[in-house]
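Chemist: The task is simple: from the sequences and hints, build the whole structure.
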Amino acid sequence: MAGRRKYTLGILLLVFLIGFLIGALMIYALVQSGWINVGGAIPSVELTFVYSSEKQKWIEEAKYGFEQWFESTFFIDVKCNFIAMGSKEMITQIVNEQLRPVAFSPASSIWIPYLNEKWSETHGGKIVDETAAKPLVKSPMVLATWNNSFYQQYPFKGIRDLMDIALNDPDGGDGALRYGHTNPHLSNSGAMIVLLEFAVAAGKEPKDLTIEDLANPLIQGKVRALEAEAVQYGESTGFFGDWAVEGGPNAITVFAVYENVVISKAKAAKQVWGDSIIAVYPEEGVLVSDHPFLILSAPWVSPLQVFAAEKLYEYLMRPEVQQAAQKYGFRPADPNVPLDPSIFSPERGVSFTIPSKELSPPPGYILENAIIAWNAVRNRGVT
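FYI, numbering that gives the first Met the number 0 numbers position 371 of the sequence shown as 370, with every residue one higher than the one before it.
Quick caveat, the hints were computed from the structure, so don't treat them as lab data. Errors might be hidden in some of the hints.
Stated by the list, open to error - Heads up, simulated DSSO-like pairs for lysine-lysine below, C-alpha to C-alpha not over 27 Å straight-line: (1) 78 x 62; (2) 125 x 206; (3) 137 x 266; (4) 78 x 56; (5) 356 x 62; (6) 310 x 156; (7) 156 x 125; (8) 56 x 269; (9) 326 x 133; (10) 56 x 156; (11) 56 x 266; (12) 133 x 62; (13) 356 x 78; (14) 125 x 356; (15) 269 x 203; (16) 117 x 62; (17) 137 x 203; (18) 125 x 137; (19) 133 x 206; (20) 133 x 356; (21) 326 x 310; (22) 78 x 310; (23) 62 x 137; (24) 133 x 310; (25) 117 x 133; (26) 326 x 56; (27) 62 x 310; (28) 269 x 117; (29) 56 x 137; (30) 266 x 78; (31) 156 x 78; (32) 266 x 310.
Modeler: Right, here's the structure in full:
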C-alpha cells in the first residue's frame, strides 16, 4: 500500500513538473513576442476596426459580446475602437494614415485591389493580402422598384432593359422611369452600380472592362441615356433608401440599393404607399457586397493586435452571430448557417436564393476610372 502511494505521488509530481515546464515555455514565448512584460502583467490591447456603415447595427450588437468573450477567454483586456465609415472614405484615410486600424471591412471586395494600388503609389508594396480576404456577410446589389406603380407596366429584368426604356422615353427624366443610385465618389453601392452599367453597355462582365471601354462614346452614350433618368444621387445607401421610400413612387421608380435595404424598408413602404417595393436581381449578374474582413500588414499593427483581430473574425463567424445578422437583412457568409425564410421571402420583397450569377470585381484602376467616366455621363441637374 505504501509503495502504491509513493508511485501515485511520483506520477502527480511528474505531471506537475511537466505542466510547470509547459507553462514556463508559454510565458517565455509570450515575453519574447512582447505580449507579456518582464513583470508578468498581461497588457491590454486596443483593437481599432473600421467597417462600412451598412452593417453598423449588427457590429455594434456583436461588440459587447466579443469584449466579454475575449477577456474571459484570454484574460487580456481589450479596448474595442469600432468605427463605421463609407468604404471609399476609409480607403482614403488609411492611405493618408489619418486612420490606422488593425483590421477593416469595406462593403465589397472591389475596394481591396484599389486600396493596395493606392497604398503602393504612396508607400510601396501592399498593405493587405488580397487572397486573405474573408467575407463576413453578404448582400447583393439589386434594382428596387415599386411593384404596382412601375414593375407591372415595365417588367424589366436588368440594366439592359432599363437602358432600352430610357432610350425610348421621349420625356427624358420626366417619363415613367425615374432612376437613382448613390454617388459613386461617396458610396460603395453607387460605385458598384456604375460598374455594372458600363459593363452591360459594353456587353461584358465588370472584370473584363478596359480603359478603352470606359472612354468609348457608344458605350458612354448608353450609360448616359440611363443616367439622364436619374432624379437623385444619394450620399449613403441607407439615407438614399430612406429618401426613396419616404418620397414614394412619385419621387422615384427604380433605385439601386443593397438587398438588405429592400428587406428593411418593405413593411414601411407598404404601409405608407399601399404599394410594395421589390428587388429585381439583374439578369446580367449581380455584384455582391461581401463585406470582406482583412487585417492590415502595416507598421502600426502589433502581434497582439493581429491576434485580437483574428479572434474578432472568429467571433463574428460564430453561428449565433451570423444568425443575428439576418435581422438586418444580411445573408450569412457561413454556408452552414441556414437562411431564415421569414426574412428572405417575397413578402419582404426579395428572393430566398439569388437568381442571378455572382460577378467578379475588376482591378482597382478600372474601378477608379469607371467612377471618373461617370462624371462625363451623369445627370448634371441632379445632386
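Chemist: With reference to the structure, classify each hint as holding or not holding.
Modeler: Results of checking the hints against the structure:
Distance check on the hinted pair: residue 78 and residue 62 sit about 10 Å apart at the alpha-carbon level, within 27 Å; holds. The straight-line distance between the Cα atoms of residue 125 and residue 206 is roughly 21 Å, inside the 27 Å bound, and the hint therefore holds. A threshold of 27 Å between alpha carbons decides the hint, and for residue 137 with residue 266 the separation of about 22 Å falls inside it, so the pair holds. Among the hinted pairs, residue 78 with residue 56 is consistent with the structure: their alpha-carbon atoms are about 19 Å apart, no more than 27 Å.
Between the alpha carbons of residue 356 and residue 62 the distance comes to roughly 33 Å, so the proposed pair goes past 27 Å and is violated. The hinted pair formed by residue 310 and residue 156 fails the criterion: a straight-line CA distance of about 42 Å is larger than 27 Å. With a C-alpha separation of about 39 Å, the suggested pair residue 156 and residue 125 falls outside the 27 Å cut-off, and the hint is violated. Taken as a hint, the residue 56 and residue 269 pair is honoured in the structure, with Cα atoms around 23 Å apart against an allowance of 27 Å.
Pair hint residue 326 plus residue 133 holds up; C-alpha atoms about 21 Å apart against a cutoff of 27 Å. Among the hinted pairs, residue 56 with residue 156 is inconsistent with the structure: their alpha-carbon atoms are about 32 Å apart, more than 27 Å. A distance of roughly 19 Å separates the Cα atoms of residue 56 and residue 266; the hinted pair therefore holds under the 27 Å criterion. Proposed proximity of residue 133 and residue 62 is supported: the alpha carbons are some 19 Å apart, at most 27 Å.
Between the alpha carbons of residue 356 and residue 78 the distance comes to roughly 41 Å, so the proposed pair goes past 27 Å and is violated. For the hint pairing residue 125 with residue 356, the CA-to-CA distance comes to about 30 Å; that exceeds 27 Å, so the pair is violated. A threshold of 27 Å between alpha carbons decides the hint, and for residue 269 with residue 203 the separation of about 36 Å lies outside it, so the pair is violated. For the hint pairing residue 117 with residue 62, the CA-to-CA distance comes to about 30 Å; that exceeds 27 Å, so the pair is violated.
Restraint check: the Cα-Cα separation between residue 137 and residue 203 comes to about 23 Å, which is no more than 27 Å; the hinted pair holds. For the given pair, residue 125 sits about 25 Å from residue 137 by alpha-carbon distance, which is consistent with the 27 Å threshold. Taking the CA atoms of residue 133 and residue 206, the gap is near 19 Å; set against the 27 Å cutoff, the hint holds. A threshold of 27 Å between alpha carbons decides the hint, and for residue 133 with residue 356 the separation of about 20 Å falls inside it, so the pair holds.
About 23 Å separates the Cα atoms of residue 326 and residue 310, which keeps this hinted pair within 27 Å; it holds. As the CA atoms of residue 78 and residue 310 are separated by approximately 14 Å, the hinted pair is consistent with the 27 Å bound. Taken as a hint, the residue 62 and residue 137 pair is honoured in the structure, with Cα atoms around 19 Å apart against an allowance of 27 Å. For the hint linking residue 133 to residue 310, the alpha-carbon distance of about 13 Å falls within 27 Å, and the restraint holds.
A C-alpha spacing of about 21 Å is found between residue 117 and residue 133, which places the hinted pair at or below 27 Å, so the restraint holds. A threshold of 27 Å between alpha carbons decides the hint, and for residue 326 with residue 56 the separation of about 10 Å falls inside it, so the pair holds. Restraint check for residue 62 and residue 310: satisfied, since their Cα atoms lie roughly 12 Å apart, inside the 27 Å limit. Proposed proximity of residue 269 and residue 117 is contradicted: the alpha carbons are some 44 Å apart, above 27 Å.
Distance restraint check for residue 56 and residue 137: the Cα-Cα separation of roughly 15 Å lies within the 27 Å cut-off, and the hinted pair is therefore satisfied. Proximity of residue 266 to residue 78 is assessed by CA-CA distance (about 38 Å); at most 27 Å being required, the pair is judged violated. For the hint linking residue 156 to residue 78, the alpha-carbon distance of about 47 Å lies beyond 27 Å, and the restraint is violated. With a C-alpha separation of about 36 Å, the suggested pairing of residue 266 with residue 310 is violated against the 27 Å cut-off.
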